[in-house]
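Peer 1: So you can see what is in the structure, the chains are spelled out below.
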Amino acid sequence: MFDLKALYIPDTVEEALELLKERPEARVMAGGSDNLVKLRDGHLLGLEWVSIFGLDELRQITLDDDGTIRIGPLANFATVARHEIVRTHIPSLAHAVLTIGGPQVRNIGTIGGNLCNGVPSADSASTCYAWDAQMELRSADGVRVVPIPEFYITAGKVDLRPGELVTGILIRRESYEGCFGAYHKYAMRNAMDIATVNCSTVVKLSADHSTIEEGRIAFGVAAPTPIRAPHGEAELRGKPVSMATVNAAAQAALGDTRARDSWRAGKAFREHMLAEIARRCLVKSITRAGGRLIESSSK
Amino acid sequence: MTPVSHPAATIVEPDSATIAHPLDALYAEDLESGDAPAVGQSVTRVDARDKVLGRAKYTDDLCPRNALWIKVMHSTIAHGYVTAIDTSYAEAIPGVVKVLTCFDVPDRPFPTAGHPWSTDPSHQDVSDRLLLNRHVRYWGDEIAVVVAETELAAKAGVAALTATYEELPFALNPLDSMAEGMATIQEDYPGNVLAHSRLSVGNYAEAIKEPGLIKVEGTYDTGTVQHCHIENAICFAEAQGDRITVTTSTQIPHIVRRVVGQALGIGWGKVRVVKPYIGGGFGNKQDVLSEPLCAWVCLQVGGRAVKLDTTREETFVSQRVRHAMQIKVTSWLRPDGTFAARKYESYSDQGGYASHGHTIAAKAMNCFHELYQCPNVEGDTWTVYTNKPTSGAMRGYGIPQAMWAGEGHIDDICRQFGFDPLDYRLKMIMADGHVNKFSGNENYFDSPRQTLLAGAEAFGFRQLHAECEAQDPAARIRRGAGVASFWYNTGVWPIALESSASRMVLNEDGSVSLSLGETEIGQGGDTVFSQMTADAVGVPFSDVHVVSTQDTDVAPFGTGAYASRQTYVAGFTIRQTANLLREKILAHAHELTNMPVAQLDLVGGRIVRTTDGRELMTLKELATEVLYSMKHSEHIAAESTYQIKTNAYSFGCSFAEVEVDVDLCQARVVRLLNVHDCGTLINPALAEGQVHGGQSMSIGLALQEELLFDPRNGKPLNNNLLDYKLCTTVDHPDLEAMFIENPEPTSAFGTKALGEPPTCSPAPAIRNAILQATGVPLYHAPMTPHQLFARFTETGLIGESLHV
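For the record, the sequence lines run as chains A and B. All letters in the first sequence, in the order written, are residues 1 to 299 by the numbering used here. All letters in the second sequence, in the order written, are residues 1 to 804 by the numbering used here.
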């Protein structure tokens, strides 16, 4: 039993936006896998809710004419993970969302909800950072498109204004074409867990696979929001494909992090793992892109 | 695979017809079983279909829909006194019926341990808690309840209560609690030591003077872990006449009846306890939990039905946990590895209330000089109150902690001396034929060695161990092989009462209804009791109908599921009652066939003449005739109690292969084999299931699970299944089980303990595998990545900067 003041169930996006305009205080519920947990814990009691779960138009994953990948925010993790467009162009996102919870949560939890929840550990978030995703935000008054780093304000807070809904997660052609990614979730068990730290990388190599044209490194739980690591990325741009490049970039990326101590993990522990998983993600990304790295098996 | 476009599309509506068919087909094999003995067959569990189909009734399924909700207010300090609770806001909430606090309860302390009662006051369990307590002993102690018409109103009521406290210093481990100046946690135990016991064999002080001895010493500790049974504890109570009925998810219905009587100060016969199917217990429900409080609240609201359901968060903190133990082991060895003297010192973290108390630490210490014999042994063990959740029984009852220390220490010895851990165990482990003078337990079959040898062969241990020794010492991914043995016994004799009672009733169709005091708690007890009964009476397995529910008004007396004892103890009473029932049946067969009883037998539900094997009549014909006979009608039933005055060792071991990712500080169990000599297997498939469950629990103890507390205030940090890292199926490998079936001579069916033993040896085997892989001995369980990070950093396995 949950303590809800009212629950509105719109049939269309337009109706949802009208409802949200009339009731700017109302909260939006998608799959409920975060909100219902909060309600059970005694938070968000006695509020009005708008359930958008039935809005199938927000559930599709499509390719726009210009090659932009458009992920409907209500696509659940299982759908994202299996979708042909995702698997073909941005497979590291499929991997990332498959590390979330267990099968039941992946069948109910949505990628839009995961991003709007605003937590730094969200498995889809760092990968969306690495793929340069943009958030399409719609209200009864119009549409705006925000790059995901600007969407995240601080822990638990995103740039979603009263009356607004996320209507698409967009990844432009230039962000994914010729690019290869990898994700590593570091957690204390192999399922049903939240990342202690995570990393997602994307690289684009020169035609002869010898040089890194562009590399992107994103981290989760390395700061109050997911982050990109510009110093690490600078160590990749235009550099030769080699383990020395990878190690230098992973080390430099650590300089962009602000990991903290908590009872869940110490700062030194998190930093050690962030550098190590950055290194492993870069090795995988480069290998997938056709680069050849010679990694020694021992120190 | 088709993409799922809408989550709703993934929901499959259960269709009872299609679900029932495959299971019916399975069950049909059992129905065909005929004359073949049921014991030794992997027959399908008697409750499998009902549990799969959702027809099995659990406590909440039986609760009246109009029952009031009870929600408990928990203390938000670790130690101190409640000075006042303001109930006015809660009482004003619509739907709140009553608020009761620690100022309202009777001053009548009661015990909670699921032990048989002792009529000798010096052996009785410690009575150290009230229904609600003003003296708060841990963060989460129960100080008030709100009774309401709905769950939401009850929760809102608790949220509206405010308590004020007078705080006292608190301690979160035994040594801090024993320190000078620490406040008293239980008034009757100043200094906070619940109990201390000693072990002394030979002369330790003299023995260590022998020239040329080498000392090996280590302190091994285990964290606080919880049972995590799938069904949280739940009970409801309702009163009629001058009696009260409590229906509860418990392992020990007759003990709950006694304790509710003690706590309420009423005759124990005025209490009726009903135990339906339960969703696991693992020892947490071998304690009386919320039942006395629920019963008392019921009487405060005029006997209306009241329900006390607990959340997972409450289950972690306000019920029972496994004792965290710190165990220091010192061995004095000769260069050939033989022991001159050994010492054991341990501190066991009791938490705020006594529960099972010192019995667990004492059991842990008392196996120390058994598994590896040494002429000179000294031991001291303390059980100490702390301001943490109460420790009670949990699968293994102290032996997983003892084996973590003892078997880890054996490998530390091997490493220091350069011995092979398997050969050293084969040389040093308990001698063939050893008899324990106190319990009378005998190592009839050299089982510790037999299981080690058979397991090593099946696992390929020697080859794997050699390969791991030869691996590149600088490799970043390393493998190790580990072995550990364990000691266990079956039941509690001669420390406490062992008795088992059963009743068998012959139905008109020749089937037998079976009632026992022993409880089904998910382990398959009902199935093995039915198998033993089928063979003992002489009827097909499908003709035994076990009454699963224990209702203390009608169920034969039994103390319940604990100590891995039920199959062993029930076997005696089943054999005895079956013989009584057979006597009655064959006496009627004599009347009906004019053949002497000595020439009659009951086989597979048929009355057979033994001289020529001819079937004279079926049991069904006899049963119908006897019940409705106009000449000699009788309700054929038999009932008996058997008091068990024997016990039995149960031995075995584990072999583990572990891969360590040094840079990620992660250890992964690649293979895990348990070998058990638990005597004759009654049901091999159920036995294998027991082993798998115990292995999983031990992997959790070894690598993942620990309940953590904030050192600043004693508040539990991770009392939920997200932050407490219980193993999932993808956290362990395919688990392997192997059995050596030496029939136990004292048992009616050749069987002995298997419930708890599987939890005893995997953790040290995993620890020893990590030791081989990395050269780093670990001393704290669980060996989480945090532990590995700290130890690998200390030992230089991982460094400051990234390697190239």
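Hints are computed from structural coordinates only; laboratory data are not their basis. Be aware that one or more of the hints could be misleading.
Below 27 Å or equal to it, Euclidean Cα-Cα: the simulated BS3-like pairs (lysine-lysine) are [to be verified]:
1. B:715 x A:38
2. A:157 x A:5
3. B:57 x B:270
4. B:98 x A:5
5. B:584 x B:437
6. B:631 x B:584
7. A:267 x B:715
8. A:204 x A:267
9. A:239 x A:204
These numbers come from a predicted model, not from an experiment.
Peer 1: Does each hint fit the structure? Answer for all of them.
Peer 2: Comparing the hints with the structure gives:
1. B:715 x A:38: holds (20 Å)
2. A:157 x A:5: Status holds; Cα separation ~23 Å.
3. B:57 x B:270: holds (25 Å)
4. B:98 x A:5: holds (25 Å)
5. B:584 x B:437: violated (40 Å)
6. B:631 x B:584: holds (16 Å)
7. A:267 x B:715: holds (22 Å)
8. A:204 x A:267: Violated, because 31 Å separates the two Cα atoms, which is more than 27 Å.
9. A:239 x A:204: holds (11 Å)
The structure is inconsistent with the numbered hints 5, 8, although it conforms to all the rest.
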